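**Q** Using the sequences and the hints given, assemble the complete structure.
Given next are the chains, with one letter for each unit.
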Amino acid sequence: MQESAINLAVQLIISANPDLFEIIGLSLRVSLSSVVLSLVFGLSLGAFLATDHFRGRQLINVLINALMSMPPVVVGLFVYLAISRSGPLGWLGLLYTPTAMIIAQTMLITPLVAALSRQVIEDLYNEYREQFLSLQLTRPQRMKALLWDARYSLLTVALAGLGRALSEVGAVIIVGGNIEHLTRVMTTAIALETSKGDLALALALGLILLSLALLINILLSSLNISARRQAYA
Amino acid sequence: MQESAINLAVQLIISANPDLFEIIGLSLRVSLSSVVLSLVFGLSLGAFLATDHFRGRQLINVLINALMSMPPVVVGLFVYLAISRSGPLGWLGLLYTPTAMIIAQTMLITPLVAALSRQVIEDLYNEYREQFLSLQLTRPQRMKALLWDARYSLLTVALAGLGRALSEVGAVIIVGGNIEHLTRVMTTAIALETSKGDLALALALGLILLSLALLINILLSSLNISARRQAYA
Amino acid sequence: VADSKQILVQSTTSTANSGFYKYLLPMFETQTGIKVNVVAVGTGQAIRNARNCDADVLLVHAKAAEDAFVADGFGVERFDLMYNDFVIIGPAGDPANVSKQSDIHNALKNISTVNALFASRGDNSGTHKKEQSLWHAININTEAVKPSWYRSTGSGMGATINTAIGLGAYTLTDRATWISFKNKDDFKIQFQGDPKLFNQYGVTLVNPEKCPSVSQHSAQQFIDWLLSKKTQQSIAAFAVDGEQLFYPNAK
Amino acid sequence: MHNVIDINANKPVVGTTRLPTKAQPSRRSKLELNNISYSVNGKRILQNIKLNLPPQGITAIMGFNGAGKSILLKIMHGILKPTTGTVLWNQQPSDAKHRLTQSMVFQKPVLLRRSAKANIDFVIKQRGTHKPALRNALLVKVGLANKASQPARLLSGGEQQRLALARALACQPDIVFLDEATASLDPASSAIIEQIVSDEAALGTKFIMVTHDAAQAARIADEVVFMDAGQITEYASAEQFFNAPISQAATAYLEGRLHHQ
Amino acid sequence: MHNVIDINANKPVVGTTRLPTKAQPSRRSKLELNNISYSVNGKRILQNIKLNLPPQGITAIMGFNGAGKSILLKIMHGILKPTTGTVLWNQQPSDAKHRLTQSMVFQKPVLLRRSAKANIDFVIKQRGTHKPALRNALLVKVGLANKASQPARLLSGGEQQRLALARALACQPDIVFLDEATASLDPASSAIIEQIVSDEAALGTKFIMVTHDAAQAARIADEVVFMDAGQITEYASAEQFFNAPISQAATAYLEGRLHHQ
Ligand SMILES: Nc1ncnc2c1ncn2[C@@H]1O[C@H](COP(=O)(O)OP(=O)(O)OP(=O)(O)O)[C@@H](O)[C@H]1O
Ligand SMILES: Nc1ncnc2c1ncn2[C@@H]1O[C@H](COP(=O)(O)OP(=O)(O)OP(=O)(O)O)[C@@H](O)[C@H]1O
Ligand SMILES: [Mg+2]
Ligand SMILES: [Mg+2]
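Sequence order for the protein chains is G, D, Z, L and Y.
Quick note on numbering: the first sequence equals residues 179 to 411 in our numbering.
Quick note on numbering: the second sequence equals residues 179 to 411 in our numbering.
Quick note on numbering: the third sequence equals residues -18 to 232 in our numbering.
Quick note on numbering: the fourth sequence equals residues 595 to 855 in our numbering.
Quick note on numbering: the fifth sequence equals residues 595 to 855 in our numbering.
If you are wondering where the hints come from, they were derived from the structure by calculation, not from laboratory data.
Errors might be hidden in some of the hints.
Mimicking DMTMM-like on lysine to aspartate or glutamate, the simulated pairs with C-alpha atoms at most 25 Å apart in a straight line are [to be verified]:
no. : chain 1 : residue 1 : chain 2 : residue 2
1   : G       : K322      : L       : D689
2   : Z       : K163      : G       : D197
3   : L       : K719      : G       : D327
4   : Z       : K127      : D       : D376
5   : Z       : K127      : D       : E200
6   : Y       : K725      : D       : D327
7   : Z       : K163      : G       : D376
8   : Y       : K624      : D       : E308
9   : Y       : K702      : D       : D301
10  : L       : K637      : G       : E308
11  : Y       : K719      : D       : D230
12  : D       : K322      : G       : D301
13  : Z       : K163      : G       : E181
14  : D       : K322      : Y       : D689
15  : L       : K702      : G       : D230
16  : Z       : K3        : Z       : D61
17  : L       : K637      : G       : E305
18  : Y       : K637      : D       : E305
19  : Y       : K702      : G       : D301
20  : Z       : K191      : D       : E181
21  : Z       : K165      : G       : E181
22  : Y       : K702      : D       : E305
23  : G       : K322      : L       : D715
24  : Y       : K725      : Y       : D715
25  : Z       : K(-14)    : G       : E358
26  : L       : K675      : G       : D230
27  : D       : K322      : G       : E305
28  : Z       : K3        : G       : E200
29  : L       : K675      : G       : E305
30  : L       : K719      : G       : E308
31  : Y       : K702      : G       : E305
32  : Z       : K191      : D       : D376
33  : L       : K719      : G       : E305
34  : Y       : K675      : D       : E308
Being a predicted model, the structure only gives us computed values, none of them experimental.
**A** Here it is as structure tokens:
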């Protein structure tokens, strides 16, 4: 089975199956968009929580940590109920669109990025704290400086977010509906083939998705390594 | 809908529904077991990769980062094919058992723990490296010391792993089968209620799962805070 | 957005998974220029979504639930569209000797007496409801008693078949899903042909009075087209591996 | 062979580059510490600190390791809150605006993960406009012009300390706190730093510096605060302190002996 | 008022606690550097280093900030690989076993995120059995007995440096590298450390120490290596070096002047 899956994956790629490329394209669009949004929100939140001690901070940290356990299906349902035509945002007509999928994934991934980046930034801030106090940096200045100086470590956090986005199916299938040519992405296609019993095709699609992830990771890591080589130790 | 979900969640808890408790129990058993196993493998791997520069290390890092994008369904299928009746490990009779679910989740979460802990440990090792070289610590000694000194930061990594385990459905439903009284956990129950169209119950279960996660997080964080208070800055 | 050139169909999975829409919809789309988007989910979820107005057309196979949908004012009218039948699939060895039975009641009785594993969808889908009514008819209460050989998978049809195959268990499935299913392993249809296994598909227009967003015109056009003689013939002509999957019966 | 070193040999060599002149210090700052104490985890680190420092000049703080010098400096600078007591500048508590006129070089300088010049630019930018001329002059001043683009954390120990000093001067402060800022400098660099401090002090900048180098304090400080075990045991003009220390602790310190209370 | 400090005042005070005696150094170690050079990112930091050091005694390495002292020390210690050249101990390359007889105190001590005593225990345990007696004696020796349980990274600067030294001695080394190990110590603590170094050296331990404190080097070093811009410009007995330095760079250094090549 596994070998036939590999063969199938290679065939699919070589034959340049247009449906496959459409699905890959949408997967990338949805995942990358939601990762970028999650990074915007998650890194800001993480840096905000890391850079000062205010009342209730510990509570928010715990909440965000707990939100990492939010099941995708539940996130999907929440978003579904909000944007369903009978929901409060139904008039926007977002249900079963890529936009809805991006919203759901962003909600899912932001806590992960926020919790992990808070930890990374807090560790660095432990080192920088007194110096920053002395310079009387404003909070945004502190956040910006820390995010910049921690960028190499934060890349791993971003990759974890990307991994979650690329592999996620529970939320996108509810709000996207897995509609052919409209909202079908790699993971929903894999789920579909699994339910059709076409396990070889499901595995083949999985392999293609993984190769894609590998490609992106190689790209980002080599950028990272060459940047680090001009080392700001 | 959301309010009725909250009511329902409260009712379910108050009525001490035995089915619910069975499901919660199995969820905890499966998730905690797979997190513990993932920590054993992932932290070792992360510490190993962080503590020395050997040929091919960068490649392994990239691979592990990419494996964070492994879709749960694909992991589920891999395990399914291995332990199904006709698979190479079929004779073990593991399919549709909690053990199978633990195996699949461990495979899913280990890359996440490995990649994130590698980053955390590498950052610390940058600081300790020369001192450790001078002391001529063996690799296991270095790994042990770094894991210990980074333990507060690694807690967040562990919580990310736990979040993934508790919220995961794609892999466990394939190898566990969501069989009532046998392999049904919170997330597969949520998926089931969703497919039945009982969204209120699905949400209620989601809320219960989240509360559970919150409880665990509060517990671990307060342990962590009180330990840190006897501060080893 | 009413009456856009797109309509949304909430559908059962068996029609989608068998490739039925891939075969049928392009004909409609070229004729009318109306794009049909299909969301394939469990029957329960499909009806729930339609109740939330997230559909123009409902196409499922759970007559009682569909009638309730119309009675509650969410649907305009339900039409019979086509039918096929349910079958019992099981491992090649047929441990419960199901294939030799003359009717479904005996077949199920056999399963229960030899304690052969049986995988149930357990998800309140059309298939699950049918299965329950069959057990009910032979006075076996799988819900309250939950015999050890009875495994409720709480999953869709495909996942349940995968589970049944993994367990070596019998299960009830609609013929369309089974014929187009790829992971058959050593499984075969072990019982079929009892009239009690009749499986009726229906189509319903979502009520524009309840749901103003419904593209009433396009949706009605789609339903009319489905029920038309020519389309009914096309449905009859749809086959997988040389086997007909659906039998049109619009009145 | 011992004691061939003549302390006079270490005379400051005048730096040849002048920093861009800045506006005269906007306000002179008289510092007043009232009954400061500082405890952490129930452990008393400072107690009973009372001190009035004049608005200008160079004050040296000396004392044994662990006496509480660094903590006191941070409290003066306003980045550590005393457990009890108040810090007043010209009779007023320090506010954000006043604190912008202060800067500090920490005992362990914290350098950003950036190039040497970016470390200085960071401070200059934060305080308003970007001034490459000021940055370059500072780098020349501390002898790091040829290391401007090197990652700061790859500089040698002494180079890092000099960079930290340049960074502290980059915001053109009125008040500068130095915590053993020449501890790992070579004698020539120490002399240059001493010269910079003397020059800036002459222009009106106030310096409060911790140092273990008695010779250095004797050369440039106007007055000395001596601390022992969390208390100030002596506050005198440098001349008086080095000629005739009063407290036993200070005497022991200057003689290189431990002092057991 | 200047120059009232008499350098004689800083005479070492004899430490009163003796460390548990260790076996006599198992082998004397003659160090030989052959044509060492070190480059990083195409930048040459050390070049043309040739040096033979005797198996015992105290060698001071001196030179301007950035001269390459710390890097050379790390190369000698074997934790940095030279770009070219070889480091030989008794005519042999260093192996793991030999390196276990060496220890080093870094210019910026790296302390584990543990208590002071756990930092020492860590090293002792790593080398074999756990010896609380040795640990306690070391803590007393460096004056940290009352801080044993304090998190190491919350110690004062000088306390941290003393802890690092205690930790380096905990593995009872035959060869010790000190990189400005007394830079932030008070005079009394410096004196104690000097005494420890002299005592241990007398028992046969070899010390190679970087210091900017000429008086200190004059007091305890047997010989001096002077570095300038990545090269060794002078290697002489301490007596000769301090009385009559030969190179211009060393003369300038001792006089507290910069030396421009
Ligand atoms: N957070 C803390 N918890 C416990 N003790 C602390 C803490 N911070 C500082 N101390 C102790 O307070 C004392 C004073 O510290 P401080 O850093 O001010 O000393 P110092 O006078 O600057 O010494 P040095 O000359 O070594 O720099 C030290 O003994 C130190 O161990
Ligand atoms: N990784 C590196 N990249 C570039 N330059 C470096 C690197 N490491 C060290 N240097 C440079 O090499 C020179 C020698 O460094 P080293 O730390 O040996 O100086 P040092 O003699 O110990 O000085 P100090 O007295 O300040 O401690 C310095 O000028 C430093 O900037
Ligand atoms: Mg201090
Ligand atoms: Mg150095």
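**Q** Compare the structure with the hints numbered earlier in the document and write down the numbers of the violated ones, lowest to highest.
**A** Violated: none.
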